[in-house]
Structure formats: structure tokens, C-alpha cells
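*Asks:* Listed here are the chains, written in short residue letters.
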Amino acid sequence: MKKGFERFKRKLRRQALIKGILFGLSCGAVASAAYMVIQKMSTFTPDVLITLAIGVGTALVVGLVTNLILWPSEKKIAKKIDDDLNFGEKVQTMLAYRDEDSVMLTLQREDTEERLVNTPSSAVRYRHQWKHGFAPLVATALVVMAVILPVKAIPVEEEPPEEDFEMTSIQEAELLDLIKWLKGEKKDETECHMEPQPRQATIAELEALLQVLRTTDLKSKEMKQTVINTIVKVNRIVREANTNDDFEYAMLDDEDVFISSLGGSMSLLSSLEMTKTFTNKRGSLEVDDVSGPLAELIEKTQKSLESIEEDIDPQDEAYMALTAFVEQLENLNKELATHSKAWAQDALDEIFEATVTDLEKAFRQQNFNKDAGDKVVTTLMDIFEISEDEVPADEVPKKKPQQSQDSDSELKEDENQGSQGGIGSGNLLFGSDDVIMDPERNEQVVYGEVFDKYYSIISQKRQDGVDLDEIEQYIVDYLNALTNGLEKETD
Amino acid sequence: MESVKNFSAVVANIKNELRKDVVGQDEIVDNVIIAIIAGGNVLLEGVPGVGKTRLVRSLSHALNLPFSRIQFTPDLMPSDVTGTNVIKRDEQGNMTTEFRKGPIFANLVLADEINRATPKTQSAMLEVMQEHKITVANETYTLDEPFFVLATENPIEQDGTYPLPEAQMDRFFFKLIMKFPGTDELMDIVKMTQITMAETAEAVVDGKTILEMRELAANVPVIDDVMNYAVCLVAGTHPEVEKPYDTAKKYIKYGASPRAAQALITCAKVRALINGNYNVSYADIDALACPVLRHRIKINYSAINEHLTVDDVIAQLVKENKKNAR
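Here the protein sequences come in this chain order: B and W.
First residue of the first sequence? That's 1 in our numbering, and the numbers climb one at a time after it.
First residue of the second sequence? That's 492 in our numbering, and the numbers climb one at a time after it.
Okay, chain B solo, but in the shape it has when bound (with noise of 0.2 Å):
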């Protein structure tokens, strides 16, 4: 093709591909410039290299698109040139028919070739080419705009106004009724058995709890606080005075069953599963040659014991049952030698009944501590309306958690005669077979655990020698309560 045709082909398709690279960075800009302010305004910074490599991969596809689909053909560039040099086609017919010969061609192709060497390139051009750099403006305005633009903050949820907190006259009367209730002094309600020393430091904690509520101006979010600060002494309160954690601490992960069986019945403070342990252990006993596994027994108690010893109160009624339990089976192993092996297991009999009512003991006062404490508790919560999110969840009073495997098999063993608990018969049934409403504690318990407490408290009024009249009529008070318990739950 002849050099006239060629130079506005050069200077069209230069100005083609300019065009089409200015499109394809402006595209770019305006694609990074709509990530920083998507990320902006979604309250993040938006990352530079992100936000690189999106401008600059929009921009190469971009270009390369428009370049494909924009790139004037040849025939294009002559019906361009024909048009603006108002050649009469001229230039398209030199293009159509530049493989073929004749003289009217030739004429035709070199009449047309003069025309175009005669006349400057600037004579064609693309119109509105400021339009072109409309894009790259706006892109770049759009950019700067992403740049300046700050990154939304977090939106911050408006706390309504705090309310001032004032004690109402219930709320008032029911923090002194369970002051009473812990010194004593209410008669219509089931007594309290915590020990003394954790009964007044309760007693202390609530009383100035209730000083702080009378007389400072609180906000209703300072008074939960206050609350729930209290809580958590009362809970420390009865940790300090119970030792079955620090049982559970030394024995729960022992590799022996009796001893970590042991530790588990001390976490949960149950005589039936105490008891359990004991007898199953007494069980194992029962051989003819009873000095070695007697002799393992006293190895892995001691060993248990002297790892808690530096922590626990030596005069600590568990404590004091284990070391004696301890060394009247030493006692025993000393004297096997010379005595039968019927009067070992009478021995044993007895050194493992006298333990166990020790241990019942121990654990029946740990129980009135942790119920006493749990009451306080829960009772705290309801007065002031504090939900157990609001606590600490160590510090929200637990259920008992439901009986072993073992015990769960022999329940559906029991099924299959009949109803284990609860009251009504048939379908009408309150309760169920495994838990009870504790009217002490106002929840659900496992009913043994009622019944360890109700064996507990009935033994002890026995062994302290209280007038059969008083304890007959504390059995119609504890059922009552039992039944209130139950009509609450059918509420």
C-alpha cells in the first residue's frame, strides 16, 4: 500500500490506541477509586496493593478489550479518510480493489495516492477528542475523592440513659427477710444449717450490701454491679469454708477408682455416691487374703491425703474422718496375723460404716453451706432482677449434674416398675424420675440429692437427741415444702 494510505493509517491507529489506553486507565482508576470507597465505607482501610492490583488489572483488560473491539481496520481508516477529505470514496475503492489490474485502476489507485500525499495528516483526525479526556478527569477526580474520603467509623450503638437505681419497699423487705432467714429468725421457712463463721460473714456481706443500697445513688447498671459483687463473696464465703474442693483437687484425677470415685463424690458433696464408693470398695475387700489390697487401700488414701495436708484445716471433719479411717486400717493390717479372717471383715465392716457416717457428717454441713450460700445467691438475683448472664458463670449456682452411667441404667432398670418419683400417677405425673423442685434452692435437683439432704438433716436431728414430736413435725414441714416445690413447678 502506497505511503499516503499508510501515514493516516499510522496517525489513526496511534490515536486509536491512545484512546483505548487513556479508556482503560481511566476504567482502572475508576475501579480502584469504587474498592476504597466500598471498603471506606464499610469502616475498613482499604489495602494498597488491593487496591493496585484491581487498578491496574481493570485498566490491562480494559485497554486490551477496547483496543480489540476500537482498533480501526483498514477499511475502516479509508472510510474515515474518505469522509473527512470528502474523497468520494476514493480511498475505500483504492483498498477494495488494490490486488487487481487495469488501466482504469491504476488510474484510479495513483490519482487517489496523489491525493493523500497532497494532503497533511493533520487534515484527519478523530472529533471531540476532548471527550476522551473527559474520562481520565472524572477518573481522576473519583480517585482523589476514595482518597480524601475517611473510613467510617463503627458505629456505636447509643446506651439509653442509666436509670438511677432506687431500692423499692419489696425489694428492701426481702433482703431483710433473708438476712432474718440466715440468722434464724424466720420461723415459717425451712431453717438455715450453714456454720456459724460463714453464716455471720453472709450475714455481714448482705447487711452492707443493704447499707449501700440505702443510702448511695446508684445507677441501676452500678447497683447489678454491687450485686453481683456481693454475690461473689457469699460464693468465696462458702468455698472458704467448704473443704470439698480441695478434696476434689487432690483426688478427682487419681488412677485409682476408689480414691478419684471418692474425689468425685466430695465435688458434688453426695453421701449416696460416697456411699456408693465405700461399699464398693468394701466389696473388693471381701477375699480370703485381704492384707495386700488393705494394704494398697492405706498407700493410695495416705498418699491423697498428705498431698492436700498443707492446705486443709486438720480439724476439718472430712479431713479428720479420712486420717482416721486411715489408721484404724493400719491398725488392722497390723493385727491381721494373728486374728481370723472373719473377724478382719467384721473389722473392716466396721471401720468402713464408722467412716462412712463420719464422711455423711462432713459432707451433710458442707451441704447446708452450699445450699445456704446458693439461696442467698439465687435470691439476690431475683430480688434486683439480675439475669444469670450477668453473673460470672463460675458464680451462678450450678445444678447437679444427672446421676453416672451406672445409676442412668439402673433408673430404666426401675422404669419398667413403675414412677421413682414425683407425685400424681399415670400420665398426671409432677415431677419426673429424675428431679425434684428444692424448695431450699428453688431449682431443680436430682432427687436423690433431696433426699440425701432430707436422710441428712433427719439423722442429725436424731443424733442430736431433738424431741420426736419436733422431728415428726419438721418431716410434715420438709414434705410440704416438697409439695410447694412441686406446685411451682406445675405453675
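Careful, some of the hints might be misleading.
Computed cross-link-like contacts, BS3-like style, restricted to lysine-lysine with a CA-CA straight-line distance of at most 27 Å [claimed, not checked]: (1) W:Lys744 - W:Lys814; (2) W:Lys810 - B:Lys79; (3) B:Lys79 - W:Lys496; (4) W:Lys813 - B:Lys76; (5) B:Lys75 - W:Lys814; (6) B:Lys9 - W:Lys813; (7) B:Lys224 - B:Lys183; (8) B:Lys75 - W:Lys810; (9) W:Lys789 - W:Lys611; (10) B:Lys75 - B:Lys3; (11) W:Lys496 - B:Lys2; (12) W:Lys592 - W:Lys579; (13) W:Lys789 - W:Lys734; (14) B:Lys186 - B:Lys370; (15) B:Lys2 - B:Lys75; (16) W:Lys813 - B:Lys75; (17) B:Lys76 - W:Lys810; (18) W:Lys814 - B:Lys76; (19) B:Lys11 - B:Lys80; (20) W:Lys496 - W:Lys506; (21) B:Lys80 - W:Lys810; (22) B:Lys80 - W:Lys814; (23) W:Lys814 - B:Lys79; (24) B:Lys79 - W:Lys813; (25) B:Lys80 - W:Lys813; (26) W:Lys496 - B:Lys3.
Estimated spans, in silico, between C-beta atoms of each pair [claimed, not checked]: (27) W:Thr633 - B:Lys3: 48 to 56 Å; (28) W:Arg510 - B:Glu114: 26 to 34 Å; (29) B:Arg14 - W:Asp716: 22 to 30 Å; (30) B:Gly57 - W:Lys496: 52 to 60 Å; (31) W:Leu677 - B:Arg14: 53 to 61 Å; (32) B:Trp71 - W:Asn791: 43 to 51 Å; (33) B:Arg14 - W:Val732: 42 to 50 Å; (34) B:Ala123 - W:Glu693: 36 to 44 Å.
Hint data in this document are derived by calculation from the structure and do not stem from the laboratory.
We put the beta carbon where it would ideally sit given N, CA and C, even for glycine.
Could you slot chain W onto chain B? The hints should help.
*Replies:* What follows is chain W alone, placed relative to chain B:
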């Protein structure tokens, strides 16, 4: 190559000679020259006295070609046009027949008021125009080339006329409308004819040159886009096609035949060369649209109702074609 380059010069010379005898009417002169070079015939419409006969006579002088004029009347017979065999006694006294050529035997023929002749005479004339041959008594006589007929129609006296049927009109490349001259032109005409009524044009080419020019023009290249443009214009005159132009749908009763497309391209090539171009352009097609199409399409009552002439409708068609086909 020289003859191609000289094409426009030759035509310019012809025009210059014609201007000696014909005042104004430049478009008519241009189109008549185009038609004669292209090998077609022209239908000329004009009131009496505007110079139709003078134009053809002057053209015959400039081209150095024999000219004849046939005044058509209702009683004109076909043999009056073509010629007939006459009985003749030879020197020995024997009776023989001799063919006496009619006025059609010329290179340039003015068929004046062709619409006054009977259809029979018209068809005899039109057959000659198409075939360039005459058959009389089983004897065929070929007319000399170039053969060009300029037929006229008087737009005023329509009583007792036999308008040419559309099928016959189609045989004319162009229909040209010779308008009454302006006052300045009229003044020039009067001044000129006061001196002499005779044509003063001189021969500048001959018939052979015209034929050579015709052959040259046939070689002018036309790109497909321009060809398509011309074809779309002719097809666009038809309201019954699949996607008709809006103008055709609205204003045209029936459109032009394929001869219109042939005439457009053939004449466009000549026009291109006359203008010094060596290819056909869109402008050539647009310029020839009216002469080629005005006698080949029939406008409907909608156009008449809106006071649109055929030329107005063709102008709209050209505009629509520019939008669609380019």
C-alpha cells in the same frame, strides 16, 4: 489511459458547444450527455418552446451524428417511424420492393410528444429503442451506434393522449423535466435567437469516440458498499418488501424495477468520469436518484394529499437510505 484522463475534457467540450445553442438547463444537458454515453434513452418532459428539439439538434452537431425528429400524432403509424417496403419498377420494368428507411434510422432521434401516438406506434418505437434493430417483412435492420432517443411528453395537453405505460417508461434511463427558463435565461435566449435560430454548435467528437467513452465508463470500479447503497435505494422504493423504508410504506404505491439499479450504476460510472473521478461514489448515486427513479415509481394518495411531488418522495428516500445503508 490518455483517453480516460481526457474523458472529462471531451465532455466539457461537448457541453461548451451545447451552451452555444442551449441557454441554462445545465442539469438537463449533463444528464443527456450521461445518458447518451451510458447507452440509454431519455424521456424529457417540458412545455413547448423550452428547447427540447434545439438541444437534440445541437447535440447531433456536437457529436457529429445524424439527427431526426419524429413528431408523434395520433394518426402516426408504426411504419411511419420504422420505414416500410415500397413497390418499385426497375429499369427492366420489373416490380420489386425496396425498403424505405423511416426517420428512426438516425443516431440521435427526437421523438416529440410520444404520448400522442397510439400504443401500437409507441410500442414499435419502444421496441426499436430497446433492441436497436428493426424488423420489417422478415428483414432485420440494425441501427447505427450510438443510437439515442430523446422522447418528449407535453405535460399540458393531456386530452387525446396515450400516456406511456409504466412498463414502457422503464426503458428510459432518465426522465428529465425541462423547466421554463428564468428571466435572465429567457433574455439570453431571445438575444441569441435574434441573431440566428440555427444551431451553431460544432462537432467536437464523433460516434466512435462516444462508443469508446461508453466502453471506458463500463470499467469504472464500484465498491460493494456503493453498489449496496444503490441497490438498497431501488429496493427501498418498494412498500411490499420485508423491511420497507418508512417513506415507501407511507407514500409509494409501487416501486422501481431492477432496470433502475442497472441504470443507476451505469450512469453513475459515466458521471464519475465526467467529474474527473475514477470510481463511483455515494454522491454519484444520490445525484442520479431523481432522474432514474421519478418515472419508475408511483406515489399514492397520501403523498398527493400532503402535496408531495415524486421528487420530494425520492429526496426522502435518499435521506432514509443514507441513514440505513451507509
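*Asks:* Decide, hint by hint, whether the structure agrees.
*Replies:* Evaluation of the provided hints:
For the hint pairing lysine 744 (chain W) with lysine 814 (chain W), the CA-to-CA distance comes to about 22 Å; that is within 27 Å, so the pair holds. Using a Cα cut-off of 27 Å, the hinted pair lysine 810 (chain W) and lysine 79 (chain B) holds, with the two alpha carbons roughly 19 Å apart. This hinted pair checks out: lysine 79 (chain B) and lysine 496 (chain W) have alpha carbons roughly 25 Å apart, not beyond 27 Å. Our distance criterion of 27 Å between C-alpha atoms is met by lysine 813 (chain W) and lysine 76 (chain B), whose separation comes to about 17 Å.
In summary, the hint linking lysine 75 (chain B) to lysine 814 (chain W) is supported, as the alpha carbons are separated by about 19 Å, within the 27 Å threshold. At most 27 Å may separate the alpha-carbon atoms for a hinted pair to count; lysine 9 (chain B) and lysine 813 (chain W) meet this at roughly 26 Å. Between the alpha carbons of lysine 224 (chain B) and lysine 183 (chain B) the distance comes to roughly 24 Å, so the proposed pair stays at or under 27 Å and holds. Between lysine 75 (chain B) and lysine 810 (chain W), the direct Cα distance comes to roughly 24 Å. Compliance with the 27 Å bound is thereby established for this hinted pair.
Only pairs whose Cα atoms come within 27 Å are accepted, and lysine 789 (chain W) paired with lysine 611 (chain W) is accepted, the gap being roughly 24 Å. About 16 Å separates the Cα atoms of lysine 75 (chain B) and lysine 3 (chain B), which keeps this hinted pair within 27 Å; it holds. Distance check on the hinted pair: lysine 496 (chain W) and lysine 2 (chain B) sit about 21 Å apart at the alpha-carbon level, within 27 Å; holds. A C-alpha spacing of about 15 Å is found between lysine 592 (chain W) and lysine 579 (chain W), which places the hinted pair at or below 27 Å, so the restraint holds.
Taking the CA atoms of lysine 789 (chain W) and lysine 734 (chain W), the gap is about 19 Å. The hint holds against a cut of 27 Å. Distance restraint check for lysine 186 (chain B) and lysine 370 (chain B): the Cα-Cα separation of roughly 19 Å lies within the 27 Å cut-off, and the hinted pair is therefore satisfied. Of the pairs offered as hints, the one joining lysine 2 (chain B) and lysine 75 (chain B) holds, with about 15 Å between alpha carbons and a cut-off of 27 Å not exceeded. Between lysine 813 (chain W) and lysine 75 (chain B), the direct Cα distance comes to roughly 19 Å. Compliance with the 27 Å bound is thereby established for this hinted pair.
At roughly 22 Å between alpha-carbon atoms, lysine 76 (chain B) and lysine 810 (chain W) fall within 27 Å of each other, so this suggested pair holds. A threshold of 27 Å between alpha carbons decides the hint, and for lysine 814 (chain W) with lysine 76 (chain B) the separation of about 17 Å falls inside it, so the pair holds. At most 27 Å may separate the alpha-carbon atoms for a hinted pair to count; lysine 11 (chain B) and lysine 80 (chain B) meet this at roughly 12 Å. Among the hinted pairs, lysine 496 (chain W) with lysine 506 (chain W) is consistent with the structure: their alpha-carbon atoms are about 17 Å apart, no more than 27 Å.
A threshold of 27 Å between alpha carbons decides the hint, and for lysine 80 (chain B) with lysine 810 (chain W) the separation of about 20 Å falls inside it, so the pair holds. Our distance criterion of 27 Å between C-alpha atoms is met by lysine 80 (chain B) and lysine 814 (chain W), whose separation comes to about 16 Å. For the given pair, lysine 814 (chain W) sits about 16 Å from lysine 79 (chain B) by alpha-carbon distance, which is consistent with the 27 Å threshold. Between lysine 79 (chain B) and lysine 813 (chain W) the alpha-carbon distance is near 15 Å, which keeps this suggested pair within the 27 Å criterion.
Proximity of lysine 80 (chain B) to lysine 813 (chain W) is assessed by CA-CA distance (about 16 Å); at most 27 Å being required, the pair is judged to hold. Between lysine 496 (chain W) and lysine 3 (chain B) the alpha-carbon distance is near 23 Å, which keeps this suggested pair within the 27 Å criterion. Distance hint check: the CB atoms of threonine 633 (chain W) and lysine 3 (chain B) are about 51 Å apart, consistent with the given range 48 to 56 Å. Look at arginine 510 (chain W) against glutamate 114 (chain B): about 31 Å separates their beta carbons, and that is inside 26 to 34 Å.
As the Cβ distance of arginine 14 (chain B) to aspartate 716 (chain W) is approximately 26 Å, the hint placing it in 22 to 30 Å holds. Taken as a hint, the range 52 to 60 Å holds for the pair glycine 57 (chain B) and lysine 496 (chain W), whose Cβ atoms sit roughly 59 Å apart. The beta-carbon spacing between leucine 677 (chain W) and arginine 14 (chain B), approximately 59 Å, falls within the hinted interval of 53 to 61 Å. Judged by the Cβ atoms, the range 43 to 51 Å given for tryptophan 71 (chain B) and asparagine 791 (chain W) holds: they are separated by roughly 47 Å.
Between arginine 14 (chain B) and valine 732 (chain W) the C-beta distance comes to about 44 Å, which sits within the given range of 42 to 50 Å. Checking the proposed 36 to 44 Å range against alanine 123 (chain B) and glutamate 693 (chain W) shows it holds: the Cβ atoms sit about 43 Å from each other.
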